[in-house]
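2 protein chains.
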Amino acid sequence: MSRMTDPIDLASRIRYVMVRTSHPGNIGSAARAIRTMGFRRLELVTPARFPDREAYALAAGADDVLEGAGVHAELVDGLLGCNLALGLSARRRGVNLPEISPREAAAQALAAAARGEQVALVFGNERSGLENGELARCHAMVRIPSVDDFSSLNLSQAVQVMAYELRVAMLGQAPAVPVAANRELPADAAQMERFYEHLAQTLDDIEFHKGRAPTTIMLRLRKLFQRAQLDERELRVLHGILADAQRMAGLAKERSQE
Amino acid sequence: MSRMTDPIDLASRIRYVMVRTSHPGNIGSAARAIRTMGFRRLELVTPARFPDREAYALAAGADDVLEGAGVHAELVDGLLGCNLALGLSARRRGVNLPEISPREAAAQALAAAARGEQVALVFGNERSGLENGELARCHAMVRIPSVDDFSSLNLSQAVQVMAYELRVAMLGQAPAVPVAANRELPADAAQMERFYEHLAQTLDDIEFHKGRAPTTIMLRLRKLFQRAQLDERELRVLHGILADAQRMAGLAKERSQE
Numbered sequence: 247m248s249r250m251t252d253p254i255d256l257a258s259r260i261r262y263v264m265v266r267t268s269h270p271g272n273i274g275s276a277a278r279a280i281r282t283m284g285f286r287r288l289e290l291v292t293p294a295r296f297p298d299r300e301a302y303a304l305a306a307g308a309d310d311v312l313e314g315a316g317v318h319a320e321l322v323d324g325l326l327g328c329n330l331a332l333g334l335s336a337r338r339r340g341v342n343l344p345e346i347s348p349r350e351a352a353a354q355a356l357a358a359a360a361r362g363e364q365v366a367l368v369f370g371n372e373r374s375g376l377e378n379g380e381l382a383r384c385h386a387m388v389r390i391p392s393v394d395d396f397s398s399l400n401l402s403q404a405v406q407v408m409a410y411e412l413r414v415a416m417l418g419q420a421p422a423v424p425v426a427a428n429r430e431l432p433a434d435a436a437q438m439e440r441f442y443e444h445l446a447q448t449l450d451d452i453e454f455h456k457g458r459a460p461t462t463i464m465l466r467l468r469k470l471f472q473r474a475q476l477d478e479r480e481l482r483v484l485h486g487i488l489a490d491a492q493r494m495a496g497l498a499k500e501r502s503q504e
Numbered sequence: 247m248s249r250m251t252d253p254i255d256l257a258s259r260i261r262y263v264m265v266r267t268s269h270p271g272n273i274g275s276a277a278r279a280i281r282t283m284g285f286r287r288l289e290l291v292t293p294a295r296f297p298d299r300e301a302y303a304l305a306a307g308a309d310d311v312l313e314g315a316g317v318h319a320e321l322v323d324g325l326l327g328c329n330l331a332l333g334l335s336a337r338r339r340g341v342n343l344p345e346i347s348p349r350e351a352a353a354q355a356l357a358a359a360a361r362g363e364q365v366a367l368v369f370g371n372e373r374s375g376l377e378n379g380e381l382a383r384c385h386a387m388v389r390i391p392s393v394d395d396f397s398s399l400n401l402s403q404a405v406q407v408m409a410y411e412l413r414v415a416m417l418g419q420a421p422a423v424p425v426a427a428n429r430e431l432p433a434d435a436a437q438m439e440r441f442y443e444h445l446a447q448t449l450d451d452i453e454f455h456k457g458r459a460p461t462t463i464m465l466r467l468r469k470l471f472q473r474a475q476l477d478e479r480e481l482r483v484l485h486g487i488l489a490d491a492q493r494m495a496g497l498a499k500e501r502s503q504e
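If you read the sequences in order, they're chains A and B. Numbering-wise, the first sequence is residues 247 to 504 according to the working numbering. Numbering-wise, the second sequence is residues 247 to 504 according to the working numbering.
Chain A extracted, bound-state conformation:
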């Protein structure tokens, strides 16, 4: 039987994550923006000032959003439990993520939420946007199609555009796609983090780096695996491979010391 998913359920699976926000006014404006579009979940990662009087002034009554907002020390905490993270960003070089439009992002986010997944829209700092390390935790980059010679939207305006597209997509929503029976749950942010730690340790153990910068390589590998949207079973296979490579490296070392 095909059933429409309740829009309120869908909205509750979508969170807005603001990273290193400088101006509390923008947090308030963003709270108002998402509230007008039927969303309530806001996560703040190391905001410069929060809670703050100015945030409440600009929220214009969306106090429930501000009061319910989580404040985190690390992006990974703001993404806890998330299966899909979409990072808003101006176009930039060297970021090997698929670039999608806000409309496509809304479609993907909604499809994921309809499958029961948790989704994050991630917004960077007012001036510098999202750093590469932050984008590396995202599965795709969303670019609002601004003009080249004046490309910078105000932060809360970007939040409004994205929330608006999500709202329009929810209102136009087709019946939920049933989950493919054989597809495992996508790995969440914490599981992916453990995998990257294991991968980094293994690269060390097998003496991969040889003087090259480990951070560049790890960033590249993160992007590759984020793009693949690993599920839990795939993650177990990859952990198994890493463990065996480590075992071999351990044996090689042990025996060289015998």
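These are calculated hints, taken from the structure and not from any lab test. Watch out, some of these pointers could steer you wrong.
Same chains, same names: a pair is fine if it fits in one copy or spans any two.
Claimed, not checked - Here are the simulated EDC-like cross-link-like pairs (lysine to aspartate or glutamate), alpha carbons at most 20 Å apart as the crow flies: (1) Lys456 <-> Glu320; (2) Lys499 <-> Glu439; (3) Lys499 <-> Asp309; (4) Lys499 <-> Asp451; (5) Lys469 <-> Asp394; (6) Lys456 <-> Glu443; (7) Lys469 <-> Glu313; (8) Lys469 <-> Asp323; (9) Lys499 <-> Glu453; (10) Lys456 <-> Glu439; (11) Lys499 <-> Glu300; (12) Lys456 <-> Asp298; (13) Lys499 <-> Asp255.
We have chain A already, so just place chain B on it with the hints.
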């Protein structure tokens, strides 16, 4: 003969009219919002304060929009020469106008501009919106689909949503954007095949299988890496990792035979 109209020509036929705006900051934010989306024409009808330092501060560099803005005593003057006027409004009783969505409004505005007509998007006061007499000068009422229990968008956010929809509609007419230059070539089928062979050999070397069927695992890994759509640079990194894991396995074996 059918010809594409230059987007810049189309944009110049679309103006944003702000009526009885109370806060100069909202005029500045609106100027920035329309400028990011490729528009420049702003008309102000009896603004409470303009020009104003706060407008310039929030325009964030869109000074040309503010300097070119007309200031008028009556809405009819702001609409001079206009063939189509679309009034943004929350839903209201007693207004006998067709109600359309921002997306439909963008389509209508663009079609009119493409016919050489002049188009206005009209935005009312922050608190009271457009009065009935002002709406009566419009051809349709545009409602941004906010939720019933928190329906009021900030004025400049409403301008941003409308400008964004117009920009997306205009881009939909233009030829597709070329592929980002910084993306490496996707690996071809033969390159992927060599990678899978290398991966299979490495799994053997590090004694990964331990009696499990290698074909099932390889199939799973193929799916995962196909999904990621590896480029050539990423493939080189992965080959490098596999080579080092093989080297460790070789050393471990060699030394166990010493």
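Hint by hint, here is what the structure shows:
1. Lys456 <-> Glu320: The answer is neither: 30 Å in one copy and 39 Å across copies each exceed 20 Å.
2. Lys499 <-> Glu439: The answer is neither: 27 Å in one copy and 32 Å across copies each exceed 20 Å.
3. Lys499 <-> Asp309: neither (59 Å within a copy, 65 Å between copies)
4. Lys499 <-> Asp451: both (10 Å within a copy, 17 Å between copies)
5. Lys469 <-> Asp394: neither (26 Å within a copy, 37 Å between copies)
6. Lys456 <-> Glu443: within (19 Å within a copy, 25 Å between copies)
7. Lys469 <-> Glu313: Answer is neither; intra-copy 34 Å and inter-copy 43 Å both fail.
8. Lys469 <-> Asp323: For Lys469 and Asp323, only the intra-copy Cα distance (19 Å) is at most 20 Å; the inter-copy one is 29 Å.
9. Lys499 <-> Glu453: Intra 11 Å, inter 17 Å, cutoff 20 Å: intra and inter.
10. Lys456 <-> Glu439: neither (24 Å within a copy, 27 Å between copies)
11. Lys499 <-> Glu300: neither (59 Å within a copy, 66 Å between copies)
12. Lys456 <-> Asp298: neither (48 Å within a copy, 58 Å between copies)
13. Lys499 <-> Asp255: neither (53 Å within a copy, 56 Å between copies)
Hints 1, 2, 3, 5, 7, 10, 11, 12 and 13 from the earlier list are contradicted by this structure; the remaining hints agree with it.
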